[in-house]
Amino acid sequence: FVGAGGGNDIQWCFSQVKGAVDDDVAEADIISTVEFNHSGELLATGDKGGRVVIFQQEQENKTQSHSRGEYNVYSTFQSHEPEFDYLKSLEIEEKINKIRWLPQKNAAQFLLSTNDKTIKLWKISERDKRPEGYNLKEEDGRYRDPTTVTTLRVPVFRPMDLMVEASPRRIFANAHTYHINSISINSDYETYLSADDLRINLWHLEITDRSFNIVDIKPANMEELTEVITAAEFHPNSCSTFVYSSSKGTIRLCDMRASALCDRHSKLFEEPEDPSNRSFFSEIISSISDVKFSHSGRYMMTRDYLSVKIWDLNMENRPVETYQVHEYLRSKLCSLYENDCIFDKFECCWNGSDIVMTGSYNNFFRMFDRNSKRDVTLEASRENNKPRTVLKPRKVCASGKRKKDEISVDSLDFNKKILHTAWHPKENIIAVATTNNLYIFQDKMN
Amino acid sequence: MECTLDAQSLISISLRKIHSSRTQRGGIKLHKNLLVSYVLRNARQLYLSERYAELYRRQQHYPDGAPLLAMPACPPPAAAAPPELAALPLPADTQDREARSCGAARGGAELLEVPVCAVPPELQRAPCRDSSPGFYRAPGSAGPGGGGSAAPGLLYAAGCDFGSGGAPHCSSRTTVLDLDTHVVTTVENGYLHQDCCSQCPCCCQPAPGLASPPPAPGTKRKYYPGQEEEEEGVEEGEPGGGGVAGGPPFAPCTKRARFEEYSAEHPQDSSNISNLISIFGSGFTGLVSRQQADSEQPLNGQLCSKQALASLGAWTRAIVAF
Chain A
23 FVGAGGGNDI
33 QWCFSQVKGA
43 VDDDVAEADI
53 ISTVEFNHSG
63 ELLATGDKGG
73 RVVIFQQEQE
83 NKTQSHSRGE
93 YNVYSTFQSH
103 EPEFDYLKSL
113 EIEEKINKIR
123 WLPQKNAAQF
133 LLSTNDKTIK
143 LWKISERDKR
153 PEGYNLKEED
163 GRYRDPTTVT
173 TLRVPVFRPM
183 DLMVEASPRR
193 IFANAHTYHI
203 NSISINSDYE
213 TYLSADDLRI
223 NLWHLEITDR
233 SFNIVDIKPA
243 NMEELTEVIT
253 AAEFHPNSCS
263 TFVYSSSKGT
273 IRLCDMRASA
283 LCDRHSKLFE
293 EPEDPSNRSF
303 FSEIISSISD
313 VKFSHSGRYM
323 MTRDYLSVKI
333 WDLNMENRPV
343 ETYQVHEYLR
353 SKLCSLYEND
363 CIFDKFECCW
373 NGSDIVMTGS
383 YNNFFRMFDR
393 NSKRDVTLEA
403 SRENNKPRTV
413 LKPRKVCASG
423 KRKKDEISVD
433 SLDFNKKILH
443 TAWHPKENII
453 AVATTNNLYI
463 FQDKMN
Chain B
10 MECTLDAQSL
20 ISISLRKIHS
30 SRTQRGGIKL
40 HKNLLVSYVL
50 RNARQLYLSE
60 RYAELYRRQQ
70 HYPDGAPLLA
80 MPACPPPAAA
90 APPELAALPL
100 PADTQDREAR
110 SCGAARGGAE
120 LLEVPVCAVP
130 PELQRAPCRD
140 SSPGFYRAPG
150 SAGPGGGGSA
160 APGLLYAAGC
170 DFGSGGAPHC
180 SSRTTVLDLD
190 THVVTTVENG
200 YLHQDCCSQC
210 PCCCQPAPGL
220 ASPPPAPGTK
230 RKYYPGQEEE
240 EEGVEEGEPG
250 GGGVAGGPPF
260 APCTKRARFE
270 EYSAEHPQDS
280 SNISNLISIF
290 GSGFTGLVSR
300 QQADSEQPLN
310 GQLCSKQALA
320 SLGAWTRAIV
330 AF
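Chains as they are written, first to last, in my numbering: chain A, 23 to 468; chain B, 10 to 331.
Pulled out of the complex, with its shape left as it was, chain A reads as follows (with noise of 0.2 Å):
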């Protein structure tokens, strides 16, 4: 929905790009998650070095009515190191897996954010002013001899260059023994929960010596293991129910006032595999990666291999609606599990409850829309790097002759996809995570 079209049909266009040019990536620069706090105004990124980095936007230039502040970096810090399990002789990496924004309650800013094993809340706030005048003190912090004191002066705040602090306040480990996968926070804004493979535990922010295991799907013989938690998250308004998705294709809604122990489902939403389809790698494709709530929580959305599904929370035996994010990936399916590829864990989000968007590889991304039916599919690169050049929608060509403008899929890069996906809470204002890059897009405001 690019392009000509209806008044209803965003165009998107380039707005920033962020990181490094160069095409040699460093690992530790790869973007491993990307989410926007609950104003938009920040956005947060982490990586496989453990680094987080916080662009804030800035605020509306009168002048410039005709797009949005630019996101500029706010603050940078290194959230989680690597670790070493002794015990187990297993290196725990630093990558962040999720960020989490609180919702902002006084001048601080508050975000959580995960490795494997470890969640920790960090506190982001400003120091405009510092105190200058003590008496005991020289400014720059020696001790006066009290002897040499003959006046008394009241110490007064002197404005200073903007500095932007980063503490970590809590920090919750020890919780799981598999790797933590999500992170979600309760609308209670008091709880939040982490989920690995095969569990589930409740947090309360302020307490870090104690977590409830709320969902524990580890069989007894783990000879009989069949399936593990992929992700979980909170209703956004129903504080006591949350979702969480399985390797199989499933989702269960579980509801924290039925039992102290979740493992009983609620609701278990599944949909019957289409046996036509069946191949080698038919439960690596049904595997859900990612699961969202719809901001009103009516719908949720799943993300498998090759597709998105909606699902209504009133109907447990299939989904909604479904798209194909690239359905001329499935008779590729050997190489890319060859090349690992099918086991990449691709992200979806929502605007608000219309408009779905997902990522896909040669750093193409897609948007669904669910009203109108159109479906695009835009491109994240540096070639259109010029602020406001509307995207061109893609296309791929999946068999036959190939069009001008078309790319066909053996020409596709596997190495530039996008799984990280974000979009502003409030805004038409999108972030696209390349493999080291951060794209925004904005669309064109006329």
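Hints may be right or wrong, so weigh each one.
[Said to hold, decoys possible] Below are the BS3-like pairs computed for lysine-lysine, each with C-alpha atoms no more than 27 Å apart in a straight line:
| # | chain 1 | residue 1 | chain 2 | residue 2 |
| --- | --- | --- | --- | --- |
| 1 | A | Lys367 | B | Lys38 |
| 2 | A | Lys423 | A | Lys439 |
| 3 | A | Lys408 | A | Lys466 |
| 4 | A | Lys142 | B | Lys38 |
| 5 | A | Lys408 | A | Lys439 |
| 6 | A | Lys70 | A | Lys40 |
| 7 | A | Lys438 | B | Lys38 |
| 8 | A | Lys40 | A | Lys438 |
| 9 | B | Lys38 | A | Lys70 |
| 10 | A | Lys240 | B | Lys38 |
| 11 | A | Lys270 | B | Lys38 |
| 12 | B | Lys38 | A | Lys110 |
| 13 | A | Lys354 | A | Lys367 |
| 14 | A | Lys127 | A | Lys448 |
| 15 | A | Lys354 | B | Lys38 |
| 16 | A | Lys439 | B | Lys38 |
Since the hints were derived computationally from the structure, they do not count as laboratory data.
Using the hints provided, position chain B relative to the given structure of chain A.
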């Protein structure tokens, strides 16, 4: 869905992935390994059912066949097959490339077990040859002998049986550490015939350079790094490794559905797949245990799916242990 790889390659690739996941930063990814184990299971199901389809067709010529299952062999038999074995040599077509990759996979498979495993060195050096050139690409595709198989349920079950007939002699002990509870369990399985391979005249030639005699069945052996490289070097272009030094050239062997005791007509594992099945003996208890081999095997698909599922768990357990 068309797949450009045959089941055996898929199995090799999958095992290689599992192997390399051990050395990846961050430890074993349970989710990925679980998915790989599903591919392994699917490929193995196809492999076994196709193998059996082929055997079944050829066995039409041997009325006495009954539960006797011949192991598809080896490259051209040097000696004549013992008549009662109904050996069915498939045309030889050693695929070195696969031999190498299979060797790596086997090395990897072996690495998946804690060093106390009783798998002897020659098991890891057992030949990795794909002696089945007409390897089926997909169910129902044309292979030697033609298309689809009769009575799929029966074939599949028999395929599993076939696997089970393969290995009842030697003991294997696997030690598994549960990452979660830190419980160490040692599982004694049914016997693996490969452990007795050393005494089998028809088993494959040893790796050059393998000087040490194979340990007695059931003994522990120590894993040492560098073995895999050794093994890969061995596989390259070699007719095969493992087995007793100076053993006879390949002779076709057969597997029986039932073993009473170790016999000289030893299953020849020209195919690495059956070896791998034996390596993962801990989960294949239904397939390789001596007790089960002794008892009547009802040939029904249901039994086999359970076995297949049980074997799926074995991969996972071995994976999770590390």
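Going down the list of hints, with the structure as the test:
no.: 1; hint: A:Lys367 to B:Lys38; result: holds (13 Å)
no.: 2; hint: A:Lys423 to A:Lys439; result: holds (25 Å)
no.: 3; hint: A:Lys408 to A:Lys466; result: holds (13 Å)
no.: 4; hint: A:Lys142 to B:Lys38; result: holds (22 Å)
no.: 5; hint: A:Lys408 to A:Lys439; result: holds (22 Å)
no.: 6; hint: A:Lys70 to A:Lys40; result: holds (16 Å)
no.: 7; hint: A:Lys438 to B:Lys38; result: holds (23 Å)
no.: 8; hint: A:Lys40 to A:Lys438; result: holds (16 Å)
no.: 9; hint: B:Lys38 to A:Lys70; result: holds (16 Å)
no.: 10; hint: A:Lys240 to B:Lys38; result: holds (15 Å)
no.: 11; hint: A:Lys270 to B:Lys38; result: holds (16 Å)
no.: 12; hint: B:Lys38 to A:Lys110; result: holds (14 Å)
no.: 13; hint: A:Lys354 to A:Lys367; result: holds (17 Å)
no.: 14; hint: A:Lys127 to A:Lys448; result: holds (19 Å)
no.: 15; hint: A:Lys354 to B:Lys38; result: holds (24 Å)
no.: 16; hint: A:Lys439 to B:Lys38; result: holds (21 Å)
Violated hints for the displayed structure: none, as all numbered hints are satisfied.
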